[in-house]
Amino acid sequence: MTAQLQKMYSEQEYLEMEREAAFKSEYYRGEIFAMSGAGYNHNRIVENLSVDIGGYLKGKSCRTFSSDLRMHIPANGLYTYPDLLITCGKNEFLDEKRDTILNPVVIIEVLSPTTSGYDRGEKFHFYRSIPSLKEYVLINSLSIAAEVYRKNDLGVWYLASEAYTVNESIEIASIGITLLLADIYAETEDLK
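Under full-length UniProt numbering, the first residue of the sequence shown is numbered 1, with each subsequent residue one higher.
Just so you know, not all the hints are guaranteed correct.
[As the list claims (entries may be wrong)] Cut-off 27 Å, straight-line C-alpha distance, at most; resulting in silico cross-link-like pairs (DSSO-like, lysine-lysine):
#1 K134 / K24
#2 K134 / K7
#3 K90 / K151
#4 K58 / K90
#5 K123 / K7
#6 K97 / K151
#7 K24 / K7
#8 K97 / K60
#9 K134 / K97
#10 K60 / K134
#11 K192 / K151
#12 K134 / K123
#13 K90 / K60
#14 K134 / K151
Don't read these hints as lab results, they were simulated from the structure.
Construct the complete structure from the given sequences, taking the supplied hints into account.
Here it is in structure tokens:
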């Protein structure tokens, strides 16, 4: 048997294909990874966050973007689609197509069984190289659990808050909002 060589793609090839694709894919170091769809609780949590945070930010200098806006990290070459990201001030885009953002202040990922390890580990490592990023929020879609990681003035990341019951809340300090877990998990089903 001979091993099959995997085709490697340039960033430009990836962007050209991605802009025409019917589905989303991530890109890292020449490889393209198809993204799978998300389940009911995952989507419900993202929608709840979008409504609550988006409403709070209305008329302010910050804004939310859903997982349909691609993000690029020039320091490590990753192209990805966070579940929700927040920018403040002027948006910085990769190019004139304005479909790839470069300057998130907050990234929120909703954990699922297939992405939890990656979101907590390697992906968080990649995200930490974004100069504008101040907070990283993880929300579990299988059980009630939320964590907020924050970068201090020395550039060191730490666990700023965590919550594990619907009566608790988390704070996203960089935009000045406190979110009750009961609101984040509203209308979800079968949580452990």
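Evaluated hints:
1. K134 / K24: holds, 26 Å
2. K134 / K7: violated, 35 Å
3. K90 / K151: Holds, at roughly 21 Å.
4. K58 / K90: holds, 15 Å
5. K123 / K7: With Cα atoms ~23 Å apart, K123 and K7 stay inside 27 Å; holds.
6. K97 / K151: The hint is violated at about 30 Å.
7. K24 / K7: Distance ~18 Å between K24 and K7 Cα, so the pair holds.
8. K97 / K60: Roughly 25 Å separates the two Cα atoms, so the pair holds.
9. K134 / K97: Holds, because 26 Å separates the two Cα atoms, which is no more than 27 Å.
10. K60 / K134: The hint holds at about 18 Å.
11. K192 / K151: violated, 30 Å
12. K134 / K123: Satisfied, since the Cα-Cα distance of roughly 15 Å is no more than 27 Å.
13. K90 / K60: At roughly 12 Å apart (the allowed maximum being 27 Å), K60 and K90 satisfy the hint.
14. K134 / K151: holds, 5 Å
Checked against the numbered hints above, the structure violates hints 2, 6, 11; every other hint is satisfied.
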